[in-house]
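Using the hints, position chain P against chain F.
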Amino acid sequence: MTPALVEVRGLRKEYRRGTEVVPVLDGLDLDIASGDYLALMGPSGSGKSTLLNLLGGLDQPTAGSIRVAGVAIEGLSSNELASWRARHVGFIFQMYNLLPVLTARQNVELPLLLTRASQAERQRRAEAALSLVGLADRANHKPGELSGGQEQRVGIARAIVTDPDLLLCDEPTGDLDRKSGDQILDLFDALNREAGKTIIMVTHDPRAAARARRILYLDKGALVREER
Amino acid sequence: MASYFSLLPLLSAAFYRHRARLFFTIASIVVAFMLFGLLGAVRFALTGGVEVAGQDRIITTAKVSIIESLPRSYLTQVRQLAEVRQASSLSWFGGIYQDPRQQLVVFAIDPNYFGMYPQIQVAPAGLLAWQSERSAAVVGEALATQYGWKVGDTIPLKSNIYRRKDNAPSWPIQIAAIYRADDQPANTIFIHYEFFNESLGTRRDQIGWVVSQLKHPHLAATVSSEIDALFANSRQETKTSTEKAVAQSFANQIGNIGAILTFIVTAVFFAMLLVTANTMAQSVRERTPELAVLKTVGFNDGAVMVLVLAESLAITLVGALLGLGLAWLITSALEPRLHAVLPFFRIPLPALLQGVGVAAALGAAAGAVPAWLAMRLKIATALRAV
Numbered sequence: 000m001t002p003a004l005v006e007v008r009g010l011r012k013e014y015r016r017g018t019e020v021v022p023v024l025d026g027l028d029l030d031i032a033s034g035d036y037l038a039l040m041g042p043s044g045s046g047k048s049t050l051l052n053l054l055g056g057l058d059q060p061t062a063g064s065i066r067v068a069g070v071a072i073e074g075l076s077s078n079e080l081a082s083w084r085a086r087h088v089g090f091i092f093q094m095y096n097l098l099p100v101l102t103a104r105q106n107v108e109l110p111l112l113l114t115r116a117s118q119a120e121r122q123r124r125a126e127a128a129l130s131l132v133g134l135a136d137r138a139n140h141k142p143g144e145l146s147g148g149q150e151q152r153v154g155i156a157r158a159i160v161t162d163p164d165l166l167l168c169d170e171p172t173g174d175l176d177r178k179s180g181d182q183i184l185d186l187f188d189a190l191n192r193e194a195g196k197t198i199i200m201v202t203h204d205p206r207a208a209a210r211a212r213r214i215l216y217l218d219k220g221a222l223v224r225e226e227r
Numbered sequence: 000m001a002s003y004f005s006l007l008p009l010l011s012a013a014f015y016r017h018r019a020r021l022f023f024t025i026a027s028i029v030v031a032f033m034l035f036g037l038l039g040a041v042r043f044a045l046t047g048g049v050e051v052a053g054q055d056r057i058i059t060t061a062k063v064s065i066i067e068s069l070p071r072s073y074l075t076q077v078r079q080l081a082e083v084r085q086a087s088s089l090s091w092f093g094g095i096y097q098d099p100r101q102q103l104v105v106f107a108i109d110p111n112y113f114g115m116y117p118q119i120q121v122a123p124a125g126l127l128a129w130q131s132e133r134s135a136a137v138v139g140e141a142l143a144t145q146y147g148w149k150v151g152d153t154i155p156l157k158s159n160i161y162r163r164k165d166n167a168p169s170w171p172i173q174i175a176a177i178y179r180a181d182d183q184p185a186n187t188i189f190i191h192y193e194f195f196n197e198s199l200g201t202r203r204d205q206i207g208w209v210v211s212q213l214k215h216p217h218l219a220a221t222v223s224s225e226i227d228a229l230f231a232n233s234r235q236e237t238k239t240s241t242e243k244a245v246a247q248s249f250a251n252q253i254g255n256i257g258a259i260l261t262f263i264v265t266a267v268f269f270a271m272l273l274v275t276a277n278t279m280a281q282s283v284r285e286r287t288p289e290l291a292v293l294k295t296v297g298f299n300d301g302a303v304m305v306l307v308l309a310e311s312l313a314i315t316l317v318g319a320l321l322g323l324g325l326a327w328l329i330t331s332a333l334e335p336r337l338h339a340v341l342p343f344f345r346i347p348l349p350a351l352l353q354g355v356g357v358a359a360a361l362g363a364a365a366g367a368v369p370a371w372l373a374m375r376l377k378i379a380t381a382l383r384a385v
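Keeping their order, the protein sequence lines are chains F and P. In this text, residue positions in the first sequence follow numbering that gives the first Met the number 0: the first is 0, and each later residue adds one. In this text, residue positions in the second sequence follow numbering that gives the first Met the number 0: the first is 0, and each later residue adds one.
In isolation and in its complexed conformation, chain F is listed as follows (with noise of 0.2 Å):
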């Protein structure tokens, strides 16, 4: 059996609205395995973001645990999970989220100036990484001058650029038409069975979903179903 690299214990999230405490994971539990290819979906208000948001580190439970590749994630301060994002996790957001005054190759450089690479190693990661979402040419263009697809595309190569475990994916092609969705739905097959990377993707499209190897359905904060 291949070891879970993220594994959930008891997950609890709650939100405060003044007084009012409102409940949105419900003691999760939840093994992914490395290489997995997981969907998370459900309606709105189910919990679908807030558990990428605390796999991902961006978020802090109010209880329970995760553990990813080993790393005890809930208990790490604000500092050691910034550096611990920046070596272990690659995000893709809805709406691509690049720094507009950037070019997409300064834009998937990003991450790399968080580590020791010189700036002509660093360049020359970047324009890997956007050949190999196809975006070879488009390297000195800004966002404002790409289109949706390409814009996410840049996203991905962004998140790849530093070769992280885990892929977390927020609705990645929800503002995209079919085509261009489909494109990213095929690259993220790609790093999946090729790269070996794991990816964890909300989505409300099930046409994405059917992409992955597992659909876990989540409703009032706790998983209600599984397929695969």
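Source of the hints: derived by calculation from the structure; they are not laboratory data. Beta carbons: idealized from backbone N, C-alpha and C, even for Gly. Honestly, I wouldn't trust all of these hints.
[Stated by the list, open to error] Derived, one-sided and incomplete: chain P residues facing chain F with beta-carbon distance under 7 Å:
#, residue
1, A12
2, Y15
3, R16
4, V292
5, T295
6, V296
7, G297
8, N299
9, D300
10, I378
11, A379
[To be verified] Chain F stretches covered by chain P per the calculated footprint, using a threshold of three residues with CB under 8 Å from any CB of chain P:
#, segment
12, 44 to 58
13, 69 to 82
14, 106 to 118
Chain P in isolation, oriented as in the chain F frame:
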């Protein structure tokens, strides 16, 4: 983990974001620091004489006011004091050249005057020529350059104070030498007291003040008291102080210039601080998702704070350097025209350095709150704002 130098590409990118807003923000900073530089030059012009005053020289003026004259005999008596190495009189001539608007700094002095001021450099041959010709003058290099004068030229000088006994309209003086000065603008004309005095119909045998060089500078207070005691209860009592104290007293007569200028500059800087802080707050608010992305990919809280602070500092320093540079250009252009009335009209180096320091402090102050907010940004919350 890489150093904060890794933020440099992001910092430079910030300058391309909202160019119009950045332009107006920097323009307001430029104006503030240009004003700071110009007011600094005015302050120095009014007080600069204090800095170049000698410690081994004392000045004896009328006790009532420096504009009251003294009897010429006072100079003779001062020269006889044991601790006085040498002394000379100075008399303000009130010089005008050609046009009443062209006022010149002209002093009537005694032949030994230059021996007391080694920083005034006159060629020995020129000095000898001046000392041997009663109608000769020693002219500052800056003035000679401005008016195209050279040694041997005769200049008709008028006075807005004195009249000649023969009612001739001017004093024709011949340039015997051109001097340079290390620590002050060379913009003065020195003429012989005897030549000046013998031409007067009234107010003869009067001098403006006496400058004495001491054998032992540490005895300045004792000798000053001795001189003032010498003329106590006379028809013109005296007040003797070190040259520095007199220069300071003269500067103080113009009022508390420092306080007035500081008040103006503080008001300008406060307005500039608000403009810059508003720009930074707006910039950070607009970039909340971007800052969240930086944190998401691994930039820690400190790095994000430093990035915002550095941006604020960079904007302020760019504006300050441009403003101070403009002020320096303006004062450099105006100094030759103003040196008759403001002989030290330039920005002194300490004022320039102070300007850079103030810019850094204002930049840090303007960026402090936005930087703190950026540091405290919660990624999950900020990403939901996209």
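We went through each hint and held it up to the structure:
no.	hint	in the structure
1	A12	4 Å, holds
2	Y15	5 Å, holds
3	R16	5 Å, holds
4	V292	5 Å, holds
5	T295	5 Å, holds
6	V296	4 Å, holds
7	G297	3 Å, holds
8	N299	4 Å, holds
9	D300	6 Å, holds
10	I378	4 Å, holds
11	A379	4 Å, holds
12	44 to 58	holds (count 5)
13	69 to 82	holds (count 4)
14	106 to 118	holds (count 7)
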